[in-house]
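Number of protein chains: 2
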Amino acid sequence: MNFTIRHARSCDCEHIMRLIMELAVYENMSEQVKITSKELERDGFSNHTFFKCLVAEVPEEHQTKEGHTIVGYCLYFYTYSTWEGCVIYMEDLYVMPEFRGNGIGKAMMCRIAQIGRQSECVRLQFSVLNWNKPSIEFYKSHGALDLTEKEGWHAMRFEVAAMEKLAQMTGATEHKNS
Amino acid sequence: MNFTIRHARSCDCEHIMRLIMELAVYENMSEQVKITSKELERDGFSNHTFFKCLVAEVPEEHQTKEGHTIVGYCLYFYTYSTWEGCVIYMEDLYVMPEFRGNGIGKAMMCRIAQIGRQSECVRLQFSVLNWNKPSIEFYKSHGALDLTEKEGWHAMRFEVAAMEKLAQMTGATEHKNS
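Each protein sequence line maps, in turn, to chains A and B. Residue numbers for the first sequence follow UniProt numbering, so the first one is 1 and each next one is one higher. Residue numbers for the second sequence follow UniProt numbering, so the first one is 1 and each next one is one higher.
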């Protein structure tokens with residue numbers, strides 16, 4: 001099957017949003033999705049952007065029964081390692097189930113690796129859920145290391161309420177303007 | 001003990017580099033540190049910056065026996081969640097052992113939470129090593145969630161050699177310009 005990998009445009013956000021939701025449903029975490037396509041437009045396609053995104057598009061003759069031709073996406077941004085320097089971070093990589101097995105996911109991952117190397121990134125990082133064995137095997141077969149398994153790294157998070165509490169602590173305020 | 005938390009300047013990079021190395025030694029991973037203070041200057045203080053950094057400074061009367069007054073740092077950047085939006089990511093938080101117990105680490109963490117909320121970030125994320133129990137307890141006592149424990153997230157990485165191999169795959173090249 002022919003397909004095209006290209007950089008997302010602002011007008012693709014509704015489709016990216018549709019695929020974000022599909023991925024979250026697959027990960028059994030759809031209740032955590034709070035974002036809207038309008039926010040994606042603002043955060044990815046305005047003056048100050050927080051991410052970049054690739055989309056995978058198929059020709060019209062292969063469109064889904066709902067008429068969609070955008071069948072996959074890969075959202076990424078740059079982070080930094082104080083040990084090695086610039087890192088490209090793949091936040092999401094998703095292909096609709098009916099379009100899998102055509103090399104679309106692999107082609108997007110390869111593009112991210114190319115973009116990363118062109119930007120002198122020395123790592124391509126991402127996260128997976130430990131029960132998602134097919135994905136883990138796919139990534140490992142291409143040389144990915146599981147850092148949680150190998151070195152014991154855990155992902156930690158403060159959510160809004162905890163952030164607000166921290167932000168209001170005296171320790172921070174006292175030294176805010178010093 | 002008095003101390004000041006302020007944004008790092010280009011001329012602080014040698015001190016930040018010294019502290020990055022101290023933290024890596026503490027984490028038993030000093031052999032992974034490839035970066036230099038010149039690269040930190042370029043990557044954090046030029047036109048296109050990949051990170052921001054706070055430093056903790058003590059008055060001269062409290063300087064270390066080597067004469068240092070910069071005794072801690074917190075390096076951060078912005079990432080993005082496709083479920084919730086903007087995220088502030090704390091890559092490193094470190095205070096020299098002899099200056100711990102004065103609230104310096106907590107003050108830096110509070111500042112990051114403030115900066116994050118001012119930038120409308122809905123999460124403050126970071127990673128810890130699973131054997132680093134004092135740090136995990138410290139973060140959890142302030143409301144941090146361990147996402148690896150709770151949801152099963154694993155941190156994954158392609159390093160340079162694997163990235164190069166991916167980047168050269170036909171799948172990606174074929175669709176590069178389409």
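Each hint should be verified, as a subset may be incorrect.
[Claimed, not checked] Facing chain A, from chain B, some residues (calculated, C-beta under 10 Å):
no., residue
1, Glu14
2, Met96
3, Tyr139
4, Asp146
5, Ala162
[Stated by the list, open to error] EDC-like cross-link-like pairs, simulated, lysine to aspartate or glutamate; straight-line CA separation at most 16 Å:
no., chain 1, residue 1, chain 2, residue 2
6, B, Lys106, A, Glu164
7, B, Lys38, A, Glu84
8, A, Lys34, B, Glu120
9, A, Lys133, B, Glu151
10, B, Lys133, A, Glu151
11, B, Lys150, A, Glu84
12, A, Lys150, B, Glu159
13, A, Lys140, B, Glu159
14, A, Lys165, B, Glu120
In case anyone wonders, no lab produced these hints; they're calculated from the structure. Even for Gly, the Cβ is constructed at its ideal location relative to N, Cα and C.
For a C-alpha distance cap of 16 Å, please report whether lysine 34 of chain A and glutamate 120 of chain B respect it. holds (14 Å)
With the threshold set at 16 Å, check whether the alpha-carbon distance from lysine 150 of chain A to glutamate 159 of chain B stays at or below it. With a Cα-Cα distance of about 14 Å, the restraint between lysine 150 of chain A and glutamate 159 of chain B holds, given a limit of 16 Å.
Restraint status (C-alpha distance of lysine 165 of chain A to glutamate 120 of chain B at most 16 Å): holds (15 Å)
Interface restraint verdict for alanine 162 of chain B against chain A (beta-carbon cut-off 10 Å): holds (3 Å)
For lysine 133 of chain A and glutamate 151 of chain B, compute the direct alpha-carbon distance and say whether it is at most 16 Å. Holds. Lysine 133 of chain A to glutamate 151 of chain B sits at ~15 Å (cutoff 16 Å).
Min Cβ distance, methionine 96 of chain B to chain A: is it shorter than 10 Å? violated (16 Å)
Holds or violated: lysine 106 of chain B and glutamate 164 of chain A, Cα atoms, limit 16 Å. The hint holds at about 14 Å.
Check whether the Cα positions of lysine 150 of chain B and glutamate 84 of chain A lie no farther apart than 16 Å. violated (29 Å)
Does glutamate 14 of chain B meet its interface restraint, that is, does its C-beta lie within less than 10 Å of any C-beta in chain A? violated (14 Å)
Cut-off 10 Å, beta-carbon criterion: hint that tyrosine 139 of chain B touches chain A: holds (6 Å)
Tell me if the straight-line CA distance from lysine 38 of chain B to glutamate 84 of chain A falls inside 16 Å. The hint holds at about 13 Å.
Given the hinted pair lysine 140 of chain A and glutamate 159 of chain B, is their alpha-carbon gap at most 16 Å? Measuring from Cα to Cα gives roughly 12 Å; hence the hint holds.
When each numbered hint is compared with the structure, violations occur for hints 1, 2 and 11.
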